[in-house]
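Note that the protein sequences, when read in sequence, are chains R and L.
Just so you know, we're using the working numbering here: the first sequence kicks off at 1 and counts up by one.
Just so you know, we're using the working numbering here: the second sequence kicks off at 1001 and counts up by one.
Quick caveat, the hints were computed from the structure, so don't treat them as lab data.
Honestly, I wouldn't trust all of these hints.
DSBU-like mimics (lysine-lysine), calculated; alpha carbons at most 30 angstroms apart, straight line [said to hold, decoys possible]: (1) L/K1069 / L/K1055; (2) L/K1055 / R/K96; (3) L/K1646 / L/K1225; (4) L/K1069 / R/K96; (5) L/K1225 / L/K1069; (6) L/K1646 / L/K1055.
These numbers were taken from a predicted model, which means no experiment stands behind them.
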Amino acid sequence: MSTSTATANSHPGLNLGPSHGEAHEQAETVVFGFWVFLMSDLVTFVMFFATYAISIQATAGGPGNADIVDIASIGMQTGALLISSLLFGIATVTMKHGSTPRRVIGWLLASLVFGLCFLGLEVRDFIDAAEKGAVPMRSGYLSAYWALVGLHGLHVTVGSIMILVVCAQIAIFGFAADVKTRVLRLGLYWHFLDIIWIGIFSIVFLPGILT
Amino acid sequence: MEQFIFGRLGWDDIAIFDVFRDPTASNIVGSSAGWLAVIGGVITLALLLIRGWWKPLLFDWLNTTDHKKIGIMYIVVGLVMFARGVAEGVVMRSQYATAYQGGYLTPDHFSELFSTHGTIMIFFVLMPFLIGFMNLLVPLQIGARDVAFPRLNQISLGFTIVGAMLLMISLVVGQFATGGWTGYPPYTGVAFQPGTGPDYWIWSLGLSGIGSLLTGLNFAVTIYKMRCPGMTFLRMPIFVWTALCTSILLVFALPPLTAVIIMQALDRYLDFHFFTNDLGGNMMNFANLFWMFGHPEVYILILPAFGLYSEFTAIFSGKRIYGYMSLVIATMAIAVLSFTVWLHHFFTMGQSPTINVAFGIATMLIAIPTGVKVYVWIATLWGGRIRMRTPIIYLAGFIFYFSVGGYTGILLANPTINFTVHNSQFVVAHFHNVLLPGTLFAVLASIYVWFPKFFGFRLDERWSAATAWLFIIGFTFAFMPLYIVGLMGMPRRSPAFDDPAYVPYMIVTMGGALCVLTALGCLIGTFVVSARRREALAVPGGDPWDGRTLEWATPAPVPAWNYAFIPQVHGPDAFAAEKAHGTAYAIDCPSYEDIELSPTSWIGLTIIVFGTALGFAMVFWIWWLAILSALAILIHAIGLGFLRDKEEIVPAQVVEATERAWLDGARQGPLTDRRDEVTSQNRGYAARIPEA
C-alpha cells in the first residue's frame, strides 16, 4: 500500500488522522474502494427508484400509495434511523479520541438497537400492508414498492449483522489497524443508508401523505 | 419428502439421456454436447487424480491471489468456453445450411443454441479474456506488485467460474433459456417458460455479474492508488487508460444488470409483476434497464481491446504511439457517451420519433472518437518500421473489418434504416463484425504478444500466423454474406426460411464457420507445438519484442513479486526510454530487501463450489441446498475478518539471485536484432533500434 502516489490524507467520512499511523495509511486504498462500492450500490438503488417512479399508476385496481402509508410509523422509523446514525457517528469520534474498546462497543450496540427498532417498525408496516391485501403479487406498483423499500430494509439488516461482527472484532483484536478502517467503512455504509432512506421518504412516502 | 430433497429435479431433466428416449437428429446433437461436457469433465478429473495434478491445481493456482495466475485462469476459462461457443456457432450454421423449408434441429433446440452462444461469447469468453489481460498487465504496467485487493480479485474469478459452470451444467441437466442472451420478458416469464431455462440465465448472469462488478472496483482503485512513483496519469500506457475506463464502466453499468436480474427473479420465483403481461407489469422497463447495462457492456468489451491494439501496434512499428493525448480523450469520450445510447437497441419498440432521433444522433457521435482511434493506429504504422508478425496480421484484419463494422453501425444508428433491417441477419453481421475483429482478434494477437512474458517461451510463428489468417478468412466468409441476406430480408433467430435465394449464402457461411473451427484447432495446435519446442523458443530475458512499457522490464516468466524494486518512472514508455538512454539492465542496487507477497486464500474455492451449488439449487428449487450454500459463503466471508493473514515473505537472497541472473543475461549475450526476433536467437533481450 506504500506505493501510492497520492498524498495520504483527507478522505471525506474518514475520522482518522496521521496520528493513527498504519490505519490511516491503509485507509487510503481501502476506504477509497469502499466509496467506489457505495457509488455502485447507489446506482442499483437508482434503478429501483426509477422503476418505482414509472410504476406509480400501475396499481391494476389494487391498493395505491395512500392506502399503505402510515405516517406515524414512517416518522418513527425515520427518527430511529437518524438516531442510530448519530450514535454510530459518536462511536467513531470516541474511537478517534482514544476511548476504550468497551465504550466504543457500547455506542455501536446502542446504534444497533435503534437500527433494529427501525427494522421492527418496517416489518410491522409490511405485515399491515399485507393484511390490507397490498402484497407485491397484487400489482406492478406494489412489486416496485416492496422491492424498493425491501431492498433498503435488506441493506439495514446486513448492516446490523455487520455491526455485531465489527463489535466482535473490536472485542477480540482491540483497535487493530484493519478493525479501525472496518469501523469507518461500516460507518460510511450506515450513513449512506440514511441518504437512501431520505430518498425513499421523499419519493415513496411523502406523496402518499400529501394525497 | 422427495420434493424436499430434489426440488423439481427429476430423471427427465437429465438432458444427456434424451438421445435414448427419442433419438432424433436434434436430440443426438444436444445430447452429444452434454456427453462431451461430461466426458471432458471426467477425463480432466481422472488426469488430475492419476497424474497428481490436483495438488498444484489446489495449492499453486486455486488458492493464489497472484494477479498473474488469476489472469491466466481467466483466460483459460475463456478458452474453454470459446471452444463451446465456436462449436455452437458451427452447429447453428449447419442448421442454416439445411434450413430451407426445414433444417434438422427443433426450433426450441435452435433457440437454446443462439441463447447460450450469445451468453457464453459475451459473458464467459470475451469478458474473461479481457479481464484476464487486465489482471496480467495492469499491475505490471503501473509498476505495482499486485492489485489493490488481491483477495477480492480471487473472489471475482470465483464468481465468473460459477457462471461458466452453471452454463456447462445446463448442457447436462435441464435446459438453458430460449429467449436469447438478452432474455426479454414476458417470453422468459413464468407464463411462457415455466421450466429451468430462464432461471439458469438469471443465476449464471447474476452471480458472474457480482464478480465483474468487484473486478471493476478493484481495478479502478488499483489504477488510482497503486501507481509507482512518477507514473502520472498521462504517463500511463494506453492499455491502463482503457482498463480504467472499463473499470469505471463496470462499476456503473453492472448495477442495472443486477437490478434487472433481481426483478426478473422476483417475477419468476415470487410472482411479482415487474415485467409480466398482466397486473401492471411493464416489459419495456426490462428493455430499458437491461440495455442501460447492455450498451456500456459493448464498450467494456471493446475498450481494453483498443488498448491492446495500441500497445502492440507501437511495439511492432518500432515507434511510440501516435497521438497519445487524442487516444486518451477518445477513450474517455467513448466511456461517457456509452451511457447515452442504450435505446438504439430497441428503436422499433414504440417510443416517439423524437426520442429515437436523440438516441440516433448520440449513437452516431460515438463514431467520432472511434474514428480518431482508427486514424491513430494507422498513423502509428505510418513511417514506422513495421515487422509483419502475427499481431500485425490481426491488426490489418482489424483495421479493415472494424471500419466496415463501424460504417454498418452508423447505418443502424439511423432509426429509419433501423426500422427496415432490425431483427434481420444484417444485425447479426454487424455485431459479429465489430466483436470478432474488434475484441477477439485483439485477444488472440495479445496472447501471441504476452504469452512469452508469463510462460517464458514464445509461440511458434508459423502456427500463429496460420491461425491468424484462418480466423480472418473464416470470419470473412462466415459473416460478410449475412449483410447481403439481411438486406434481402432474412430474419435473425429464425430456425428455418422459405426463400431459396438464401441457400447459396448459407452454404458459404457454413464454409466460413468450418474455417473458424479449423482456426480454433490451429490455435490449440499452436500451444501444443510451442510447448514442445519451448527450449528453442525460450525468452528468459522477458523482452522478446523490444517492448516499450514497464512490464517488459522483468524476467520471463515474471517472478511472483513482479519487481525487485518499485520502479521510478520519468516519462511515458518507461522501458523504451531506459533502453534508449542505455540505463536498462544497468540497475545495480547495493541492498535487496525481503518482499511480502499477498497471502493465499481459499475464499475463491468456497465461492466456486458453493456458488455453483447455490445457483443449481435455485434453478431446481432445492431450497435446503441453496440456504446451506449461501450460509457457507457468508460464514467464510465473515470469517475472513477474524483470520489473521499468514505473511508470505520472499527472502532478499531469492530476490537478488533472480534479479542478478536476469541482469547478467543482458550483459553476457549479444542482444537480439529485430530481424532475428522469430528465430531461436531471441533470448528475450532486445537490441535497441533507433526511433523511426
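Okay, the hints, checked on the actual structure:
1. The straight-line distance between the Cα atoms of L/K1069 and L/K1055 is roughly 16 angstroms, inside the 30 angstroms bound, and the hint therefore holds.
2. This hinted pair does not check out: L/K1055 and R/K96 have alpha carbons roughly 46 angstroms apart, beyond 30 angstroms.
3. A distance of roughly 24 angstroms separates the Cα atoms of L/K1646 and L/K1225; the hinted pair therefore holds under the 30 angstroms criterion.
4. Our distance criterion of 30 angstroms between C-alpha atoms is broken by L/K1069 and R/K96, whose separation comes to about 40 angstroms.
5. Proximity of L/K1225 to L/K1069 is assessed by CA-CA distance (about 22 angstroms); at most 30 angstroms being required, the pair is judged to hold.
6. The hinted pair formed by L/K1646 and L/K1055 meets the criterion: a straight-line CA distance of about 20 angstroms does not exceed 30 angstroms.
Hint compliance for this structure: hints 2, 4 are broken, all remaining hints hold.
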